[in-house]
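A.B. asks: If you read the sequences in order, they're chains A, B and C. Per numbering that gives the first Met the number 0, the very first residue in the first sequence carries number 0; after that it's consecutive. Per numbering that gives the first Met the number 0, the very first residue in the second sequence carries number 0; after that it's consecutive. Per numbering that gives the first Met the number 0, the very first residue in the third sequence carries number 0; after that it's consecutive.
Derived from the structure by calculation, the hints contain no laboratory data. Some hints here could point you the wrong way.
Stated by the list, open to error - Derived lysine to any residue pairs resembling SDA-like cross-links, with alpha carbons at most 20 Å apart:
| id | chain 1 | residue 1 | chain 2 | residue 2 |
| --- | --- | --- | --- | --- |
| 1 | A | Lys168 | C | Ser219 |
| 2 | B | Lys123 | C | Arg297 |
| 3 | B | Lys123 | C | Ser219 |
| 4 | C | Lys134 | A | Lys168 |
| 5 | B | Lys123 | C | Lys134 |
| 6 | B | Lys18 | A | Lys168 |
| 7 | B | Lys123 | C | Ala290 |
| 8 | C | Lys291 | B | Lys18 |
| 9 | A | Lys260 | A | Asp242 |
| 10 | A | Lys260 | C | Leu148 |
| 11 | C | Lys134 | A | Arg27 |
Unchecked claim - On the chain C side, residues computed to face chain A include the following (Cβ under 10 Å):
| id | residue |
| --- | --- |
| 12 | Phe140 |
| 13 | Val145 |
| 14 | Glu196 |
To be verified - Partial list, computed: chain A residues near chain C (C-beta under 7 Å):
| id | residue |
| --- | --- |
| 15 | Leu20 |
| 16 | Arg23 |
| 17 | Ile135 |
As the structure is a prediction and not an experimental result, all values here were calculated from the model. From the three backbone atoms N, C-alpha and C, an ideal C-beta is built for every residue, glycine too.
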Amino acid sequence: MAVPATVEDVSEGARTTEEELVRRARRRDLQVTWFWRILGYVTVLGLWEYASGRWMREQLLPAPTTVLETFGEIWRGGDMPAAFQATLSRIAVGFALSFVVGLAVGVLMQNRWLEGFFRDAVLIGITTPGLVWALITAIIFGNRTAGPLIAVVLTTFALITVNVHEGVKALPKDLIDMSKAFRVGLVKRNRQIVIPHLAPYIFTGVRFGFSIAWKIVVLTEVFASSSGIGFELRVAQQLFQLDVFLTWILAFYVLALFLEKVVLEQIERRFFRWRREVTAA
Amino acid sequence: MAEILIKNLHKEFGTGADKVVALEDVNLSIGGHVFVSIVGPSGCGKSTLLNILSGIETPTSGTVAITQEGHDAAPGYVFQAARLLPWRTVMDNLLFVQSDRSPSTRERCQRYLEMVQLGDKGSKFPGELSGGMQQRVGIARAFSIEPDVLFMDEPFSHLDAITARSLRRELHDMWAQTGKTVVFVTHDIGEAIELSNRVLVFGKGGRLVDDIGVDLPFPRDAAHEDVALAKAAIYRRFEELDLLVS
Amino acid sequence: MTSRGDEMAVPHDAGLVGTTPAPARRRWTDRRRMARRATRIARSPATARLLFPVAVLIFWVVSIDVIEGVWPFAVDVLPRPSEVRDFVWAELRSDTFAPYNVYETFWISLKRLAIGWLIAMGLGTAIGLAMGLSKGANAFFNDWVVAILAMPNLAWALFVSMAFGFGNSGPVICVVLTGIPFVIINVREGVRNTPRELFDMSRSFRVSPSRTTRHVLLPSLMPFMFAAARYAFALGWKGLVVAEVFGGRDGAGWTIKFWYDAHRAHGVVGYAFFFMAFAIIFEKVVFDNIAKRVFRWRPAATGVEVVEEVFETEAAPPAPALQGGR
Chain A
0 MAVPATVEDV SEGARTTEEE LVRRARRRDL QVTWFWRILG YVTVLGLWEY ASGRWMREQL
60 LPAPTTVLET FGEIWRGGDM PAAFQATLSR IAVGFALSFV VGLAVGVLMQ NRWLEGFFRD
120 AVLIGITTPG LVWALITAII FGNRTAGPLI AVVLTTFALI TVNVHEGVKA LPKDLIDMSK
180 AFRVGLVKRN RQIVIPHLAP YIFTGVRFGF SIAWKIVVLT EVFASSSGIG FELRVAQQLF
240 QLDVFLTWIL AFYVLALFLE KVVLEQIERR FFRWRREVTA A
Chain B
0 MAEILIKNLH KEFGTGADKV VALEDVNLSI GGHVFVSIVG PSGCGKSTLL NILSGIETPT
60 SGTVAITQEG HDAAPGYVFQ AARLLPWRTV MDNLLFVQSD RSPSTRERCQ RYLEMVQLGD
120 KGSKFPGELS GGMQQRVGIA RAFSIEPDVL FMDEPFSHLD AITARSLRRE LHDMWAQTGK
180 TVVFVTHDIG EAIELSNRVL VFGKGGRLVD DIGVDLPFPR DAAHEDVALA KAAIYRRFEE
240 LDLLVS
Chain C
0 MTSRGDEMAV PHDAGLVGTT PAPARRRWTD RRRMARRATR IARSPATARL LFPVAVLIFW
60 VVSIDVIEGV WPFAVDVLPR PSEVRDFVWA ELRSDTFAPY NVYETFWISL KRLAIGWLIA
120 MGLGTAIGLA MGLSKGANAF FNDWVVAILA MPNLAWALFV SMAFGFGNSG PVICVVLTGI
180 PFVIINVREG VRNTPRELFD MSRSFRVSPS RTTRHVLLPS LMPFMFAAAR YAFALGWKGL
240 VVAEVFGGRD GAGWTIKFWY DAHRAHGVVG YAFFFMAFAI IFEKVVFDNI AKRVFRWRPA
300 ATGVEVVEEV FETEAAPPAP ALQGGR
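Isolated chain A, as found in the complex (with noise of 0.2 Å):
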């Protein structure tokens, strides 16, 4: 570099070198990150390949790629999709029973009375365990369809009253003040204040709820069902096969895991465009 002429000079060009210093610590920091990440995927995997059939019979423990030829074999035999739907539709429709409930009950519990009356409600619905709910729907309704739906709505409504109810003791009083100071009317003030501040409590609730639902209704489904991936599951366990079982179950898993994290998500990012600027700050 050429000597500076003025005190201008200076400093424009450490600030170019320095960007410069910046961004490279930024990718070799991103570097690092995926360095990692990889070593990780590589360590579990490799332990998992490698304890198959050394540490653990392979019967007990399939390694991941008999789990990826067995979901070969069987996505060829064309089960899967059937089943998937089965368990997908009766996950939507009790989820969706759960959030009317679980949003209702939330919204009623403003109310100090109904707080009281609901508040054993939800702590019995937060510390139950769902397969408690599966056992007892499983033995009064048999394989019926109203078992996995209202199992499901019992061990998740308390997760959306929760966050419900957390939203609304969290209310803006400043801004509801504001907003009855310059005369905004009240569909005006829920629709530009309460609603936009209670979305992100329900949101954390309904994905909170829906990673508990498929779990619970496919619990259900191997206690009493005649379809589905509990089913395909019960199957497998009686047969003790349990490479078909981990692969149903992975299966799944991924869908589920898919569901929750990429497709919730993004509509998340979505509804909430004006809460990332916050953070991008």
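For this one, chain A is given, so just place chains B and C on it according to the hints.
C.D. replies: Positioned in the frame of chain A, the structure of chains B and C alone reads:
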């Protein structure tokens, strides 16, 4: 008597586009039983200077030495927000910064709590006290280690005017009684004039632009002619600086 | 799951504390005060809370009648409240067909839960600390923590039952696997949220690093550790139950499945009540009390209570409202 010597101090944050120069070529010497105020617009590096003096941050270049009769001096610090441990009682907060827990140390802490009129609040948690009380605990904490120098970073700026006023009186009395060196950062020129013997004015870009001695008798009444004149003089200086900058 | 159990402690007759009224007006004020007290009791959330089980019981009885009268084929069996009551009572007297009575059963499960929980806490804290402190460790573990978190208990339960047989180790491992992601995530968040300004303060006062660790770092991690402990316990419990159903010889999960296989609906429902009682004892009695002791320094919770009491009960005089808030 404590002696603060700052030579060619330079401090910058960040790199590249985010680079900010906080302090530039500061040379200073502070010593004896003085109350020094540092005033200036926000972002002039006042707080950074205190953080460097107290050892929270390190200078980019230049040297800082705080000595008490030849060896390193112990500083006390009062922050803008009280920075108390919320999970410890008031007394335990004072004991936290002590080097020992002997009965005499306890007694000393209790004495300083009484000096800020919180003698009966030792077993309370900070969350149970008002903002003014918390700040008083912060002041008692700083005095309780009997520091050679005391750094204060806008300690009254979060408080209401009346609480701040009474705390300023308490602070002045404690300074007068204990004979410490105090370095006090503020953006309130009235506050600086009311409390200090010496006012350092920092300008944008972290340069020391003026060093004004305030030789008036205490207590200083804001309505008194000399006090008002001293204040006006500093304001005038600011206006000149503003002209220089723009 | 906030600790709002304080309403129960509000004394309903606190309104009697106050100045003595003049004798001539006493009867009138007494009656008015009693009427006021009655409405206050009826309106209090504590009453509503007591009404909830009553409402459930009524719903239960009515729905049995309706379903049996209108649409009997909608269900296989419907356990009656009286059957469930008899079952619960017999179990509580240790009079049971199952191999272990209810106390032994829950004790067996509790031991497994405690061991698994301790392992999850220890291992999870170590991994969480590493992930909070190092970007590399975070990248290494992160996706797998998420994967373990999202894995259904059922998969763990069946896998460990087949791999480790019908003993204690299967259920314990299942507890560890279900609980550990929550410990890791909470500890990591705790490390990331350490209060920088308090560390600066400690440094400026020349406080020693060991002292800073004890008085600043550990207390600031406490809320996160506590949340981790609570989640790991609650979720580990759920995981344990599933593991016992599929790979146990005994324990709470195995016993409820025992009643299910015996086709005793009242046994399943009765055991469900034991499950609820067990969880509530731990959530509300054990953990809430620990929280109260550990987080004494947090005035926020009680502060909010006071505000609500003052603003929402117009009928109540201010004095007892403030007493209630403490």
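A.B. asks: None of the hints should be skipped; say for each whether it holds.
C.D. replies: Here is what the structure says about each hint:
1. Pair hint A/Lys168 plus C/Ser219 does not hold up; C-alpha atoms about 25 Å apart against a cutoff of 20 Å.
2. Taking the CA atoms of B/Lys123 and C/Arg297, the gap is about 11 Å. The hint holds against a cut of 20 Å.
3. Among the hinted pairs, B/Lys123 with C/Ser219 is consistent with the structure: their alpha-carbon atoms are about 19 Å apart, no more than 20 Å.
4. Taking the CA atoms of C/Lys134 and A/Lys168, the gap is near 36 Å; set against the 20 Å cutoff, the hint is violated.
5. For the given pair, B/Lys123 sits about 39 Å from C/Lys134 by alpha-carbon distance, which is inconsistent with the 20 Å threshold.
6. Only pairs whose Cα atoms come within 20 Å are accepted, and B/Lys18 paired with A/Lys168 is rejected, the gap being roughly 42 Å.
7. The straight-line distance between the Cα atoms of B/Lys123 and C/Ala290 is roughly 18 Å, inside the 20 Å bound, and the hint therefore holds.
8. For the proposed pair C/Lys291 and B/Lys18, the alpha carbon gap of about 46 Å is over 20 Å, so the pair is violated.
9. Only pairs whose Cα atoms come within 20 Å are accepted, and A/Lys260 paired with A/Asp242 is rejected, the gap being roughly 26 Å.
10. Distance check on the hinted pair: A/Lys260 and C/Leu148 sit about 13 Å apart at the alpha-carbon level, within 20 Å; holds.
11. For the suggested pair C/Lys134 and A/Arg27, the alpha carbons sit about 12 Å apart, so the restraint of at most 20 Å is met.
12. Nearest Cβ of chain A to the Cβ of C/Phe140: about 6 Å, under the 10 Å cut. The hint holds.
13. Here the hint on C/Val145 is kept, as its CB sits about 8 Å from the closest CB of chain A, short of 10 Å.
14. A cut of 10 Å between beta carbons decides the hint on C/Glu196: the least distance to chain A is about 21 Å, and the hint is violated.
15. Checking A/Leu20 against chain C by beta carbon gives a least distance of about 19 Å; that is not within 7 Å, so the hint is violated.
16. Violation of the interface hint for A/Arg23 is found here, the shortest Cβ-Cβ separation to chain C being roughly 17 Å, above the 7 Å cut-off.
17. For A/Ile135, the interface hint holds, since its Cβ comes within 7 Å of a Cβ in chain C; the closest pair sits about 6 Å apart.
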